[in-house]
Amino acid sequence: MTFGRVLMRHVGVPNSTSLAVYKADGGYAGAARALQMTPDDLVELVKKANLRGRGGAGFPAGVKWTFLPKDRTVTYLCVNADESEPPTFCNRVLIDSDPHLLLEGVLIAAYATRTTVAYIYMRGEFCEQFHILQRALDEAYAAGYFGHNILGTGHNLECYIHRGAGAYVCGEETGLIESLEGKRGWPRIKPPFPAVEGLFRKPTVVNNVETLACLPHILTRGLDWWLSIGTANSKGPKMYCISGPVNRPGCYEAPLGLTCRELIYGADFGGGMRDGKQVKAVFPGGLSMGALRGDLFPKPPDGKVDPKQDYDELDCALDFDDVRKYDLLGLGTAAAVVVPEDADIRDVLLNVTRFYAQESCGQCTQCREGTAWMYKIAQRIRAGAGRRVDLDIIEETSRNMGMIPGLSICGLPDGAAWPIRTLIQKFRREFEQRIAAQEPGAAQSLIRRTNAAAYELPVLHGRAVQPAGGTFATPLDVAPPR
Amino acid sequence: MSWRTIDRRTAAEQDLGPGLNDAVKEKIRSFFPRYPTKRAVLLPALHIAQDALGYISLRAMRELAELLELPPSAVLDVVTFYTHFWTHSRGRKTIVLCRSLTCELMGGGRVREGLEQRLGIGEHETTPDGQWSYMTEECLAACEHAPCLLINEKLHKGVQAEDLDRILVDPENDHLDMPRSTLFDAPAETKP
Ligand SMILES: Cc1cc2nc3c(=O)[nH]c(=O)nc-3n(C[C@H](O)[C@H](O)[C@H](O)COP(=O)(O)O)c2cc1C
Ligand code: SF4
Ligand code: FES
Chain Z
1 MTFGRVLMRH
11 VGVPNSTSLA
21 VYKADGGYAG
31 AARALQMTPD
41 DLVELVKKAN
51 LRGRGGAGFP
61 AGVKWTFLPK
71 DRTVTYLCVN
81 ADESEPPTFC
91 NRVLIDSDPH
101 LLLEGVLIAA
111 YATRTTVAYI
121 YMRGEFCEQF
131 HILQRALDEA
141 YAAGYFGHNI
151 LGTGHNLECY
161 IHRGAGAYVC
171 GEETGLIESL
181 EGKRGWPRIK
191 PPFPAVEGLF
201 RKPTVVNNVE
211 TLACLPHILT
221 RGLDWWLSIG
231 TANSKGPKMY
241 CISGPVNRPG
251 CYEAPLGLTC
261 RELIYGADFG
271 GGMRDGKQVK
281 AVFPGGLSMG
291 ALRGDLFPKP
301 PDGKVDPKQD
311 YDELDCALDF
321 DDVRKYDLLG
331 LGTAAAVVVP
341 EDADIRDVLL
351 NVTRFYAQES
361 CGQCTQCREG
371 TAWMYKIAQR
381 IRAGAGRRVD
391 LDIIEETSRN
401 MGMIPGLSIC
411 GLPDGAAWPI
421 RTLIQKFRRE
431 FEQRIAAQEP
441 GAAQSLIRRT
451 NAAAYELPVL
461 HGRAVQPAGG
471 TFATPLDVAP
481 PR
Chain H
1 MSWRTIDRRT
11 AAEQDLGPGL
21 NDAVKEKIRS
31 FFPRYPTKRA
41 VLLPALHIAQ
51 DALGYISLRA
61 MRELAELLEL
71 PPSAVLDVVT
81 FYTHFWTHSR
91 GRKTIVLCRS
101 LTCELMGGGR
111 VREGLEQRLG
121 IGEHETTPDG
131 QWSYMTEECL
141 AACEHAPCLL
151 INEKLHKGVQ
161 AEDLDRILVD
171 PENDHLDMPR
181 STLFDAPAET
191 KP
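Going down the list, the protein sequences come from chains Z and H. Numbering of the first sequence is given in this note's numbering, commencing with residue 1 and proceeding in unit increments. Numbering of the second sequence is given in this note's numbering, commencing with residue 1 and proceeding in unit increments.
Simulated from the structure, these hints should not be mistaken for lab results. Some hints here could point you the wrong way.
Which residues of chain Z face chain H? A partial, calculated answer using Cβ under 7 Å [as the list claims (entries may be wrong)]:
hint, residue
1, GLY58
2, PRO60
3, GLU83
4, GLY124
5, GLN134
Distance windows between CB atoms, simulated [stated by the list, open to error]:
hint, chain 1, residue 1, chain 2, residue 2, range
6, H, PHE32, Z, LYS70, 16 to 24 Å
7, H, PHE32, Z, GLY276, 34 to 42 Å
8, H, PRO179, Z, GLY26, 43 to 51 Å
35 Å max Cα-Cα, derived DSBU-like pairs, lysine-lysine [what the hints assert, rightly or not]:
hint, chain 1, residue 1, chain 2, residue 2
9, Z, LYS325, Z, LYS299
10, H, LYS25, Z, LYS183
11, Z, LYS23, H, LYS154
12, H, LYS157, Z, LYS183
13, H, LYS25, Z, LYS277
Note that the structure is a prediction, hence the values are computed from the model and not measured. Built from N, CA and C at the ideal position, the CB exists for glycine as well.
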């Protein structure tokens, strides 16, 4: 491999969390260089590097910083270390092995945005990581990288770690801000965006851990090096996570644009499937970005990408653009989980719907009710009492929630709709086979047993008369209730 | 959040549970300079209070409200939003089991069954001897070690149902192999 790891170069190095080891390897040189520049030049540099956020949305960090009002007096920097998207763990690996890289990034970003107080919002389940980062921070304070008059430049920066307490929505930037203010993590209606009015009603920048960890390398290695890595619109290295029944689950660094197949089968990455199994499905960007079909499906004969056909989709390149061709929401966190051929797709659906039903914060009706409704349907399908119309109901529900149709405050329901809808669409054949294999009348009898009233739905008749080409393409397969 | 219903207006004095001592309050006050508002100290304060008492008692909520100049309902509001905080007492050790996709694919369901069988309790319950409490959580961000669980602060990796006997008696259960920061821990003398 010609690509040299930079974000993960200290993984496995003994004592890599100490300042001495980090400095011996050129640590804090990027910050020293940044402090020589003017903040505006620094923002310009990051803009030129097209450093896109690694937290999920992929918004260019430099551009985000320019949204800060020019005449501001106080600015806050929030570091998003809430990593709670299953199955993502790259931020954890980074903090575990290289906490000073993050702190150097914080220092650079704070200088560029003229921030004097930075909060690192870290999820409550990170116990070991909290101790590691706190120790690194104490060391950095003692060495003069934080506090008053940093390295004699007159720039001040206080940095605090704020521990969360277990809530997925607190990873959403305004949810994080609310949580930091000591409230429940209810995302805010935007606008105003945090850059204008955020933490304590002051201009605020929220950036992911990995985004900030890229900054020191851009400064020390230069723009040309950075722009030479990755694909056209996605520059730089990225930490890819792979988990599930592969031979080498873990976190691996590669230039943006690694294909999903390589991530699973590459000898430097996942190392292939355990016991030679085939891949049924893979969620390549954390759950929220949707699912791809695995190599259990045949390869497309003409090599064309068409997410409507049942073909192998592992050739999807994991960068910010290619994923969209495969009907995924985006790159997300680039953390893949592999579903093997022998897993029951109904279990996967149940687990995924449960997650979002649990984690919806409950402010917006369609998110709170929609996720819970889909979970209930998934439970019923799993219990062997599914109907084919249930698949349509889930699909319709998932199309009617989220920010994309403009119905919600935050992006959680979009992140819920995508994996659930792609699961139903891409694996519909298996769902239908499972439903066909149920005991005859199972759905009706379960419903009558548990709640007779609930399922005498007049909607059933209404649905049947919907014009063809509406949201319901499949004819009803259940007899109307008597 | 783990929740047990109680009428808060008419709660008798003895039902309010333990309160915070001066050392804990002092520790909480030491967070004031970090934030421009007192309310923002609530989350760190709850961490410290739960560390001292094992859970957030009604009395602690009232005392925190006074300390941070908030209505008690605001404290209750936050406590019940976050899964980390308990509103009733729990065992000496708390097991947090991951239930997200990777862990489940790798056998987490069997671990969960084994655990419930062995301890004889359900989620958010405590064994009669007061040793163990147990809850499930979404992804613990350690998916490469799936299935995994936390016992207090220590992460156990690659746990299969057969390993439970060994893990539950591990004397190192509460031990991290590293120097700790005392920042969010309650002062030592207040721990039960
Ligand atoms: C429901 C939800 C959960 C999120 N969780 C996280 C998270 O755990 N970590 C993270 O870095 N970003 C998360 N994000 C993305 C943040 O809102 C935000 O885009 C990101 O922190 C911006 O940082 P970046 O520009 O450096 O990527 C989440 C977004 C949503 C809608
Ligand atoms: S969309 Fe869902 S998670 Fe987001 S604010 Fe609304 S209810 Fe909460
Ligand atoms: S899925 Fe269990 S730790 Fe991530």
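Each hint, compared with the structure:
1. Interface hint at GLY58 of chain Z: violated, since its Cβ lies 20 Å from the closest Cβ of chain H, which is beyond the 7 Å cut-off.
2. Among the interface hints, the one on PRO60 of chain Z is violated; its C-beta lies about 26 Å from the nearest C-beta in chain H, farther than the 7 Å criterion.
3. The beta carbon of GLU83 of chain Z is positioned within 7 Å of a beta carbon in chain H (closest approach about 5 Å), and the interface hint is therefore held.
4. Interface restraint check: GLY124 of chain Z against chain H, minimum CB-CB distance 5 Å, threshold 7 Å, status holds.
5. Evaluation of the GLN134 of chain Z hint against chain H yields a held restraint, the C-beta minimum of about 4 Å falling below 7 Å.
6. Range check, PHE32 of chain H to LYS70 of chain Z: Cβ separation about 32 Å, and the 16 to 24 Å hint is violated.
7. Look at PHE32 of chain H against GLY276 of chain Z: about 59 Å separates their beta carbons, and that is not inside 34 to 42 Å.
8. Remark: the range hint 43 to 51 Å for PRO179 of chain H to GLY26 of chain Z is contradicted by a beta-carbon distance near 26 Å.
9. A distance of roughly 16 Å separates the Cα atoms of LYS325 of chain Z and LYS299 of chain Z; the hinted pair therefore holds under the 35 Å criterion.
10. The suggested pairing of LYS25 of chain H with LYS183 of chain Z holds, with an alpha-carbon distance near 20 Å, which does not exceed 35 Å.
11. Restraint check for LYS23 of chain Z and LYS154 of chain H: the C-alpha separation of about 30 Å stays at or below 35 Å, so the hint holds.
12. Restraint check: the Cα-Cα separation between LYS157 of chain H and LYS183 of chain Z comes to about 33 Å, which is no more than 35 Å; the hinted pair holds.
13. Between the alpha carbons of LYS25 of chain H and LYS277 of chain Z the distance comes to roughly 56 Å, so the proposed pair goes past 35 Å and is violated.
Hint check: violations occur at hints 1, 2, 6, 7, 8, 13; the rest are consistent with the structure.
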